Structure formats: C-alpha cells, structure tokens
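Top line first, the protein sequences correspond to chains A and B.
Add 5 to a position in the first sequence, counting from 1, and you land on the number used in my numbering.
Add 14 to a position in the second sequence, counting from 1, and you land on the number used in my numbering.
Since the hints were made in silico from the structure, they are not lab data.
Keep in mind it's a predicted model, so treat the numbers as computed, not measured.
Misleading hints may appear alongside valid ones.
Covered stretches of chain A, going by a simulated chain B footprint (3 or more residues, C-beta under 8 angstroms) [as the list claims (entries may be wrong)]:
1) 157–170
2) 175–189
3) 198–210
4) 418–426
5) 545–558
C-beta: ideal position from N, C-alpha, C; glycine also.
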Amino acid sequence: MSNKKNKTLLIGWDAADWEIIWPLISKGEMPALKKLISRGVYGNMSTMNPPYSPMLWSSVATGKTPDKHGVLGFIELMPDMKGVRPVTANSRKVKAIWNILHNQGFKSNLIGWWPSFPAEPINGVVVTDKFQKVKADPDKKNPMLKGTIHPESLTQELEDLRMFPYEITKAHILPCIPKAAEIDQENDKGLRTFARILAENTSVHAAATNLIRTTKWDFTAVYYDLIDHFCHAFMKFHPPKLNAVPQHLFEIYNQAVVSAYKIQDMMLERTMSLIDDDTTVIVMSDHGYESGYKRILKMPKYPAAPALEHRQFGIFVAAGPNIKQNEKVFGLSLIDVAPTLLHMFDLPIGKDMDGKVALDIFKEPTKPKYIDSWETLEGDFGQHKEVVETDQLNEQEALQQLIDLGYIDKPDEDIGIAILKTKCDLKHNLGRVYLGKKDFEKAKKILLELINDTYPKYQKSDFEGEKKEELEKQGYKEGDSVVDIIPYYMDLLSISIAQNEIENAEHYLSQLRRLDKRFDINTYFSEAKILVAKGKIHQALKVLQAAKNNKPNAEVWYQIGKIHMQLFQFEKAKEAFENALNFEVDRAKFHQALAATLIHLKDYENAAEHALISIELVKYYPEAHYTLGEALEKLGDLENAKIAYETANSLKPVKHVKAEKAIENIDDKLVNKTNLKDKAVYKYRKDQIVIVSGLPRSGTSVMMQMLNKGGVEVLTDANRKADASNPKGYFEYDPVMSIHKDNKWLDLAQNKSVKVVAPLLKFLDPKYRYKVIFMSRDLNEIVKSQQKMIGKDPETLPTRLFETYKKHLHQVDVWKDKEPSVELIYVDYKDVINDSKTVVDKVTSFVGVDMNKDEMLKCVDKSLYRNKL
Amino acid sequence: MFCCFTSHPEKGNVQQVINYCFVKQITLLKMTNKNKILTNNQSYTITIEGSLGLLAYGDIGLRAWREVKNNNNINKIDNHVK
Numbered sequence: 006m007s008n009k010k011n012k013t014l015l016i017g018w019d020a021a022d023w024e025i026i027w028p029l030i031s032k033g034e035m036p037a038l039k040k041l042i043s044r045g046v047y048g049n050m051s052t053m054n055p056p057y058s059p060m061l062w063s064s065v066a067t068g069k070t071p072d073k074h075g076v077l078g079f080i081e082l083m084p085d086m087k088g089v090r091p092v093t094a095n096s097r098k099v100k101a102i103w104n105i106l107h108n109q110g111f112k113s114n115l116i117g118w119w120p121s122f123p124a125e126p127i128n129g130v131v132v133t134d135k136f137q138k139v140k141a142d143p144d145k146k147n148p149m150l151k152g153t154i155h156p157e158s159l160t161q162e163l164e165d166l167r168m169f170p171y172e173i174t175k176a177h178i179l180p181c182i183p184k185a186a187e188i189d190q191e192n193d194k195g196l197r198t199f200a201r202i203l204a205e206n207t208s209v210h211a212a213a214t215n216l217i218r219t220t221k222w223d224f225t226a227v228y229y230d231l232i233d234h235f236c237h238a239f240m241k242f243h244p245p246k247l248n249a250v251p252q253h254l255f256e257i258y259n260q261a262v263v264s265a266y267k268i269q270d271m272m273l274e275r276t277m278s279l280i281d282d283d284t285t286v287i288v289m290s291d292h293g294y295e296s297g298y299k300r301i302l303k304m305p306k307y308p309a310a311p312a313l314e315h316r317q318f319g320i321f322v323a324a325g326p327n328i329k330q331n332e333k334v335f336g337l338s339l340i341d342v343a344p345t346l347l348h349m350f351d352l353p354i355g356k357d358m359d360g361k362v363a364l365d366i367f368k369e370p371t372k373p374k375y376i377d378s379w380e381t382l383e384g385d386f387g388q389h390k391e392v393v394e395t396d397q398l399n400e401q402e403a404l405q406q407l408i409d410l411g412y413i414d415k416p417d418e419d420i421g422i423a424i425l426k427t428k429c430d431l432k433h434n435l436g437r438v439y440l441g442k443k444d445f446e447k448a449k450k451i452l453l454e455l456i457n458d459t460y461p462k463y464q465k466s467d468f469e470g471e472k473k474e475e476l477e478k479q480g481y482k483e484g485d486s487v488v489d490i491i492p493y494y495m496d497l498l499s500i501s502i503a504q505n506e507i508e509n510a511e512h513y514l515s516q517l518r519r520l521d522k523r524f525d526i527n528t529y530f531s532e533a534k535i536l537v538a539k540g541k542i543h544q545a546l547k548v549l550q551a552a553k554n555n556k557p558n559a560e561v562w563y564q565i566g567k568i569h570m571q572l573f574q575f576e577k578a579k580e581a582f583e584n585a586l587n588f589e590v591d592r593a594k595f596h597q598a599l600a601a602t603l604i605h606l607k608d609y610e611n612a613a614e615h616a617l618i619s620i621e622l623v624k625y626y627p628e629a630h631y632t633l634g635e636a637l638e639k640l641g642d643l644e645n646a647k648i649a650y651e652t653a654n655s656l657k658p659v660k661h662v663k664a665e666k667a668i669e670n671i672d673d674k675l676v677n678k679t680n681l682k683d684k685a686v687y688k689y690r691k692d693q694i695v696i697v698s699g700l701p702r703s704g705t706s707v708m709m710q711m712l713n714k715g716g717v718e719v720l721t722d723a724n725r726k727a728d729a730s731n732p733k734g735y736f737e738y739d740p741v742m743s744i745h746k747d748n749k750w751l752d753l754a755q756n757k758s759v760k761v762v763a764p765l766l767k768f769l770d771p772k773y774r775y776k777v778i779f780m781s782r783d784l785n786e787i788v789k790s791q792q793k794m795i796g797k798d799p800e801t802l803p804t805r806l807f808e809t810y811k812k813h814l815h816q817v818d819v820w821k822d823k824e825p826s827v828e829l830i831y832v833d834y835k836d837v838i839n840d841s842k843t844v845v846d847k848v849t850s851f852v853g854v855d856m857n858k859d860e861m862l863k864c865v866d867k868s869l870y871r872n873k874l
Numbered sequence: 015m016f017c018c019f020t021s022h023p024e025k026g027n028v029q030q031v032i033n034y035c036f037v038k039q040i041t042l043l044k045m046t047n048k049n050k051i052l053t054n055n056q057s058y059t060i061t062i063e064g065s066l067g068l069l070a071y072g073d074i075g076l077r078a079w080r081e082v083k084n085n086n087n088i089n090k091i092d093n094h095v096k
C-alpha cells in the first residue's frame, strides 16, 4: 500500500498566527517557514467555535465537528465517575485519519497529539501527549505510564528523549529572556513556566525527529503547543506595551513570544532536513492569537476564558510534489484537513465528514471519491477495544497545568460537585458547537436544559479551611449555585437575537443583568440589537455611542456604522466604518460595509476597491462579491458585475436571492442596453407580489380597488370597514402592520396585491419579486387629508410631518434602487383622477397580466378627490 | 559535506568536543541577539550549558548534550575521588 508519492508530514503549531509570522519572515527570522511557503501554498485556516484546542485538533484528525467526534473540552469524566481528568483519546467517538490509514495498510507516526493518550494500537508508532508531561521536581520519579507509547517495546528506546524543566539552562533562557537575571523568582513564576513549556516541546520534537529518521512511515503528525503556551503566559508583555503592564516586566518578557516562533522555525528547519522532496509537508495551526489592542489583561471568570484571546484565523502552509507553488489559498477550515489527507492517499472521504477536500491546493486536482461513512465499515482500525483506565493520581500534575493556563478552574474537592460542573461544561460546549454551526434549535434545547436544572448551592461550611481561598478566588460566595449559569444566558441571548425573538432576548438580557456579576459582561451590543429590532434605532445608537466613548474599539464603530446605514445617514456610516478600519485594517466585513456605504454615496470606484480588499481577505464571502457586483454595475461594467453576482450566488449556502434577482436584471440590461435607467420592466414575473404603497392618504385604497376590479386578487382581511374617509373600503391586511416582526405571510401574497405603507417597504423579504405601484400625491394634500381624517384643523399643517414624509419618500427611492427584487412605478393620484386611461394602461402593462381595464376605470370616482389644492 | 566523527574525552577536562558525521548539510542557528548561521564543515562545541540550537536539532542534539553533561559529571566524580 505504501507509496512514496503519498508520504505526508503534518505539523501542528498551536495558535500560530500570520500577524506575528509575517514581520519575522520579512526580517529573515523564520527562514524555514519562508522556504516552505515559497515552495508551496499558504493561507488562513478558519477556526471553529468554541476554539478549545483539544476539540479543534480532534476536528483536524477526524474531519468532523465536535458534536460528532465527541471531544468536548479540556477535561472529561473518569469512566468510574470517581473524578475528572484531562481529556483523553477515550472521549473521541469516531475514527481519526491514522485509524483509517491503519485499516488501509498505511503506516503512521503520531507524536504529542492533543488528545492521544492512551496510545491506539495502530500500524506505526504513537507517542502520546502524556510523553512530555513530567514532574518539575527533580527528586520525583517520572515513570512512563502504560499507554504512553505504542508499541510499548519502544518505551525504553524513547524514554530518554523526555526533557525536564530543571535541565533548562541560561543558554536556553537568555536568548529569549535576556533580562532573566532581574526576575524576582519568589513572586514571578515566569521562568518556571518558560522552562516547563520549552522542555515539553523539546521532548515532543526529540521523539518526532527520532521516529522520522529511524522508522518507515507514510504519514506522520506532530503537535507542538510551544507557541500557544508561550502566548498564554507572555503575550501580555509583547510589544506594543499595554498601559496596565508594569514597565519592568515588559522589558523582561517582551521578546518571549517572538522567541517561541523562532525556536519553532529552528525545529522545522531540522525536521525538513530529515525528509525528501517527495514528502508533502503541511504546517498549520488551529486558531490565531490576539497580539494587538484586543489582548485581555484581566481574564473574566468563566470556563476556558483564555480562549477569548484566540483569533479566528490560524495558518496553513503546504508544499509537496502535487502542491501548487507560491500561491495563496482561501477558504480552508480545520475540518477540511482530514478529507484532504484522505484524498492525498487516494482514499474515499466519508459523506458524514463535515469538511471538504481542499482541491485548490493541488497542481493537478483529481475528483474525490466518497463512501457513506468510515464508521460503518467493519475491520481493524487500530482502535482501543474498550475504555482504558488510568491512575487518577498521575492526572494531578496534568490537571494543574490546565489550571495554570487558565483553561479550567481547580476542580472542586467535593468529587460530586467536580463531576457535576464538568458535565455541565461539556454539555455547554456541545451547545456552543451547535451555536457555531447555527443549529439554533439544538443549541437552545441544551442551554434551556442547563438553565432549568437545579443545582446545589455553596454552604457556609464550604468556605472553611483550604477550600475558602480557592472558592473566593473563583468568585463564589455562600448561597451561590455551584454551577454558574451566566454563560448559558449569554448564549441564549445570542440565539434569540439571531432568530429575532426579541421578547426572549429582552428576558435573557434582564436575567444576565440581575444575576450576580462575578465578571464583566459587555452587553451593549445585545442591547443595541434588541433596540434596533424594536425599531428604536436612535436609542440603539445612543447605547453604542456611550460604549464607544467608554472604550472605542473596532466592533463598536462597525455596529455604529450599521445603524447609520439603517438611518440612511451614509456620510456618518462611512466615517464609522473608516474608524473601525483604523483599529483593524484586515477585517473583511468592515471593508464590505464601507463598500456598501460608498455605493450609496455614489463613490463607485472606491466602493469597488473596498469590496475587492474584502474579497482578498476572505475569498469566500458572498456579501462582498455581491457588493462588488453592485459597484461594477453602477460603473457600467455589466459583464464583470454579472460574474461577481454569480460568485455571490454560488457561495451562499442557501439561495442568495438578491444575487439571483440582480443577475436577472443584468441580463435584461445586457439585452436592452438603452434601458439602463428603467427600474420597471413591463412584464409579468413569476409569483410576483403586487404592492400598492405610498404615504397615508395618497390614493392607495383606490388603486387597490382598481386592481381588485381589474382581476388581480387582493390580499385583505377586510377588518377595517369602509367609512367616510374611504367609502369604498381600505383593502388592508392586518399582518402588514407587524411585518417588521413577522413577514412569513408574504407567501400568501404571491400573484395577489397587498397594501403596504411606505415606511414598511424595507421589511419586505427580498426572496420574492415585487411590483410596487407607489402612489404619489402632493405632500400638502396628503397632510391636509390626514388632519381632516383625525379630526384636526386641515388648514394647520404640522411642518414636522412634512419633513418626516420627505424622508420616507427619499428612503423609498434609495431602497428601490438597491433591491434587485423590486420594480417600482410612481403613479400620481391626480393622474388617476384626471387621466385614468393612461394610468390604467401603465399599471396593467407594469403588472403584466390581462386585466379588465373597463372595470378598473369604473373605480375612479372624481367626487372622492377631496382636499385638493 | 560532512565533518569527521571523533570523540576526545579528556580526563579533568570539563568540556568535550564531539564532531558528528552527517551525510547532509547542516545548519545550526545559534540563538544570540543576532542569528548566526554556521557554514557546513564546521565542528560545533557542545557545552554543558547546551543551546537552543541543540534542542532544535532534535533527538541527536538532546542526546549529545546529555552525553557531554554526563561525562562532565563523571569527570567531577573522578576528580573528587582523587
């Protein structure tokens, strides 16, 4: 089975981030990685939510999301339910790439993978993530646990490749921490942390280089946590200096993070010297790491909070015989790695895998093969036959490391509470996985179970003795629930906003604010979104501006910009998006939003430029392609606009209805190039909805009547009866008034007509086609008619109402140009009365169906034209 | 390019020079304030303190360094015994 051409080396650099790497490469300080990039391809690697490393690396290994592979956190319950322990391979419920390769006769080496203990009996060698975990105390023994290495016969041979923290010397320290002599080691554990991390990764590297050199293999995967753990320990000291960081500590540790990258590159250099050009090499990370103004100095107190500093994009580099050269690749996700590896070994991909083959990286891509699932195949896959027990005592140091990193709180001494909390954490993580996949119903089910469960409370006796300090450090007090439900409410709040369930969102927000605040929760974004959903746009803006004044940041500027867009305040929106970009220039969504704004400001060239930057940053971004299409269309470049719209349409997981309509419009324009300015196309559109709109008292009811008599069915519930103001009836439909909350009834309006007043037009669902007949009337006449209707003096006209109505008309005009699914004609009420025949001809031609024009004309009653000027 | 393998343990000498025989070109990056690339065909002195380059070299570097440290300890014991 072994084929030289398949040979693949996969190197994992946890948390490696291009933001640190590129400057180092340009200074010549990462020559090995630079060489690999020039030989191959590179790009971003998109992480998943929640960004917890054992979950992510298990997704890399299986091609599946955590709800499928079963690794749901940093710790797991022990099989005998007698405690908790760092997560092991026992938690994984599906086959990893090395299991499949074993079954197919390939040989794999696996070193340091998180999690991989206990070692699976595969064809090859497994050095698990237990290998490098040694005790810091030189007087303590470090026996190798059973299951650390497979085959066990290699234990003696590899045992001495473990490095111990006490072996670290100043020769290792000073290049990374030149001022190490100034460290107050009584109070500052920095050097101990440095020594432990470096020793562990040296152990992994020593085992990896040994196996690469001395064994025959087809696939080798090595995992290093050097960069990630250095970042957790020292990123706060990385330049530029954060205000709250003491100067002397900044001067001591400011080179630590960069030194991790350089050491990793040196290790890569050595590894590359051990393989030949027929071997494909992949270097990747599972997420990035914040190194700018978003670094967190005071970590909030909820589980795995340090993952807040993980950035969305990690790195991906690949080079090999069939890999393209010196090219950037896009759209890669962690779940794509296993399918891509399978494809490289000419093996089928399971249809139950969530990832796809990254065909873009290959010089000569071939068509992937598929099977239903590797899980249902019989045979030997090198897996454990049963759950392997481990010794709890040996877990303590490993647990302590997770505690020191801040990934977990110290487990409660009460085993029952520790188990309960772990169960809740794992369940919550599963909920967050569903939330990340936008499977809101599954996420909600889990979260509601979590908040509705009853939990014991901490008693006075719990705060006695040694436990007191630990509990208080974690922010607990007497009477608190042992399980913190605040994170569950936070996720429920996110879901309810995403689903536009505003009442629920308000409830969850008030619950969050009521519950004891043991940590800072920024709820202003949620508050603003709720206000926007309730139509209280100006209040939402005030909330965001207060947040911006308190702590300006990119995201709050972006949200402010979005609100200005909704208010049609495009200059202010432009300023806000530009401010967002000043903070973070490489955010695709900021460029896309600015591009969309510039289109409104008729600055089409700059709009196109920003849309292109957005696509450059995130290639598979349907909205950015759509915005580019809009800009190009306005610039008259119809052919390329069509390509952009088609790209947007093909990228969206569900139909991109706007892009579809835009493509149809472009096709019409390309056929009738002289008609470029005509918003209305005088033909029937399949399943169209005819909308009669206008300001109140502008003649909408008479137009509804004309359509009704003409043969177009009217969608009405006839709740509002005819009266003196409208003797022939209103033809209204009550659900229209709450269209901003619920517009699902629109499917009933297809091939019918329905009245929708002007301010509500923007809530029409773009997935339908609309023929809008907009009734226009002199504003003075409109206001006069309204004053009379409500029993006020028709000669006294409130000027504020004029301004409001002018704004509405402008908004409709902007909206109609922007929405490809909308065609609109203006019909003057005066013309309906005085030139009915022309109006009827225009309307019937616009609607595009056969209508009874004579009956339509009979609807016009000149005696009802009152309040005319 | 390769260097000769010789081992010269000297009694009472706390440093040993070990030259390794390699079949491929070696590049060791010595971590000082400036990255220094040593050209091939040079011997590299392994000190008791070791270096990041040795750790980056993997199993061979780690074992070579430990051998130097162990030999130094043997020498110390021998000297003590004397």
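Hint numbers not upheld by this structure, sorted from lowest to highest: As far as the earlier hints go, 4, 5 are violated by this structure, in ascending order.
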